[in-house]
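Visitor: Each protein sequence line maps, in turn, to chains A and B. Its first residue numbered 127, the first sequence is counted upward by one per residue in the working numbering. Its first residue numbered 3, the second sequence is counted upward by one per residue in the working numbering.
The hints are simulated quantities; they were obtained by calculation from the structure and are not laboratory data. One should not assume that every hint holds.
Said to hold, decoys possible - If the Cβ cut is set under 8 Å, some of the chain A residues that face chain B in the computed set are:
hint : residue
1    : E176
2    : Q180
3    : F183
4    : M187
5    : L213
6    : L216
7    : E277
8    : R281
9    : S282
10   : I290
11   : C292
12   : H302
13   : L307
14   : M314
15   : L315
For each residue, glycine too, the CB sits at the ideal point set by N, CA and C.
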Amino acid sequence: MSIADQERDDVLLRRAGKGDEEAFTLLYRRHQAALYRFALRMSGNTWAAEEIVQDVFMTLMRDPKKYDAARGTLGGFLYGVTRNRILKHLERLPREVPLEEKNEDGAGPGIVLQDASTPAIQAEKRERAEQVWAAVLDLPADFRDAVVLCELEERSYEEAAQMIGCPIGTIRSRLHRGRALLMARLEMLRDAPRRAGVPWPAGVAK
Amino acid sequence: MKCAMTCDEFEAVGLDAERDASLADAERAAAAAHAASCARCAALRDSWEATRMELRSLARTTALDTPARVEMRLRQQFRTQYHAPKVRRTAIAAAWALAAAAVLVGAVSWVNWRSSQHRVANNIPANSGAASANQQSPGQNTGIDPQTLVADNELGDFTLLPGVLPADTDDAAILRVRMQRGALGTLGLPVNEDRAGEWIQVDLLVGNDGLPQAVRLPE
Numbered sequence: 127m128s129i130a131d132q133e134r135d136d137v138l139l140r141r142a143g144k145g146d147e148e149a150f151t152l153l154y155r156r157h158q159a160a161l162y163r164f165a166l167r168m169s170g171n172t173w174a175a176e177e178i179v180q181d182v183f184m185t186l187m188r189d190p191k192k193y194d195a196a197r198g199t200l201g202g203f204l205y206g207v208t209r210n211r212i213l214k215h216l217e218r219l220p221r222e223v224p225l226e227e228k229n230e231d232g233a234g235p236g237i238v239l240q241d242a243s244t245p246a247i248q249a250e251k252r253e254r255a256e257q258v259w260a261a262v263l264d265l266p267a268d269f270r271d272a273v274v275l276c277e278l279e280e281r282s283y284e285e286a287a288q289m290i291g292c293p294i295g296t297i298r299s300r301l302h303r304g305r306a307l308l309m310a311r312l313e314m315l316r317d318a319p320r321r322a323g324v325p326w327p328a329g330v331a332k
Numbered sequence: 003m004k005c006a007m008t009c010d011e012f013e014a015v016g017l018d019a020e021r022d023a024s025l026a027d028a029e030r031a032a033a034a035a036h037a038a039s040c041a042r043c044a045a046l047r048d049s050w051e052a053t054r055m056e057l058r059s060l061a062r063t064t065a066l067d068t069p070a071r072v073e074m075r076l077r078q079q080f081r082t083q084y085h086a087p088k089v090r091r092t093a094i095a096a097a098w099a100l101a102a103a104a105v106l107v108g109a110v111s112w113v114n115w116r117s118s119q120h121r122v123a124n125n126i127p128a129n130s131g132a133a134s135a136n137q138q139s140p141g142q143n144t145g146i147d148p149q150t151l152v153a154d155n156e157l158g159d160f161t162l163l164p165g166v167l168p169a170d171t172d173d174a175a176i177l178r179v180r181m182q183r184g185a186l187g188t189l190g191l192p193v194n195e196d197r198a199g200e201w202i203q204v205d206l207l208v209g210n211d212g213l214p215q216a217v218r219l220p221e
């Protein structure tokens, strides 16, 4: 068996199922970032995203046979499980966005500004990023799903359809609706700056 | 120029025509042609492109990894799930092995106790069984009855071993043993080499110091 074969997801998963911690860790490190970003962008909550990713890998650990290689990639399977967890989370807490949580640079949760521009420009970028994210989080879950997968995760329509488990036409339709809502929301935000003292993003989104 | 795509169609399909791999080339061309001829749809497309740029920017700023504590918790859980049962299985196996050993020791002790009780009831010396077992092989070879190992207490016919004085034999005990004739040589007695391998019964007169003082050949 070649090194490439040994590091295939299904091979690693089989080894993990037999108690190989290294194989499980490799799988986790390979998929965690994408799943965490997806969960974070869908939920807007770092704590929830962390819990969801942990829950997804706990599920994989407890019952690795749930994944059927014949039905698609492990990444797609994990995305599907993550999406289900996110939707459950959103159903339970339709709009759970931490109002007070801020990073050290004052940005909203999960936003990290990595450029070296002046504080004024950074503040402007930060505010705009918060507005965009608030607009994304304000989308209904199905539209948000499609927008996050296709626009933020940069998945193709086919990949998004496979992950969500719907026809491409449905993805196209949800994207169309999501885009329209998003553009309307962002246009409105451009014209109506946030009032001082109103916490992000609840004050923006409502 | 008449457009092949309407504004509604452009909004639904043409806005993202460049990315939608499921569209035919003709549909993409129609979308481009419509945007070129329709100012409203062209503005819509520009607005969407601006929004998309902002989404890309948001994607870059939210490109984070899961906190390290999640990996730590998962690995801990993994160890608990896969290694704890192994330890538990080993402990259970060890407990069963200990229990089996205890039962075995108990059974052997019981059998020994029963044997000793039987010997007491029948007035049989404790080592007679072992002695007869040990001596059975040579006895069988020579045709000597094991019961003849019981020596009589008569002190007559004993031959003092070389260097032993007659007075030394006052408190001696008589011990009947079975040995090869050649072993008499170690007691200082002359041995016929031709019969050295022959098994014989010998009465030894053993002094208080545990050393043989005299020897007698019963037959």
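Visitor: Does each hint hold? Answer for all of them.
Guide: Evaluated hints:
Using the Cβ-Cβ criterion of 8 Å, the hint placing A:E176 at the interface with chain B is satisfied: the shortest such distance is roughly 6 Å. The restraint placing A:Q180 at the interface with chain B holds, with a minimum CB-CB distance near 5 Å, inside the 8 Å limit. Satisfaction of the interface hint for A:F183 is found here, the shortest Cβ-Cβ separation to chain B being roughly 5 Å, below the 8 Å cut-off. About 6 Å separates the beta-carbon of A:M187 from the nearest beta-carbon of chain B, less than 8 Å, and the hint is met.
The closest approach between the C-beta of A:L213 and any C-beta of chain B is roughly 19 Å, which is over the 8 Å cut-off, so the hint fails. The interface hint given for A:L216 is violated, since its Cβ lies 17 Å from the closest Cβ of chain B, which is over the 8 Å cut-off. Given the 8 Å rule on beta carbons, the hint for A:E277 holds: about 5 Å separates it from the nearest Cβ of chain B. For the restraint placing A:R281 at the interface with chain B, the shortest Cβ-Cβ distance is roughly 11 Å, beyond the 8 Å limit, so the hint is violated.
A distance limit of 8 Å between C-beta atoms decides the matter here; for A:S282 the minimum to chain B is near 6 Å, and the interface restraint holds. With a cut of 8 Å, the hint placing A:I290 at the interface with chain B is violated, because the nearest CB-to-CB distance is about 15 Å. At its closest, the beta carbon of A:C292 sits 13 Å from a beta carbon of chain B; the interface hint therefore is violated under the 8 Å criterion. Interface hint status for A:H302: upheld, as the beta-carbon distance to the closest one in chain B is roughly 5 Å, under 8 Å.
At its closest, the beta carbon of A:L307 sits 11 Å from a beta carbon of chain B; the interface hint therefore is violated under the 8 Å criterion. A hinted interface residue such as A:M314 counts as satisfied when its beta carbon comes closer than 8 Å to some beta carbon of chain B; here the least separation is about 12 Å, so the hint is violated. Violation of the interface hint for A:L315 is found here, the shortest Cβ-Cβ separation to chain B being roughly 11 Å, above the 8 Å cut-off.
When each numbered hint is compared with the structure, violations occur for hints 5, 6, 8, 10, 11, 13, 14 and 15.
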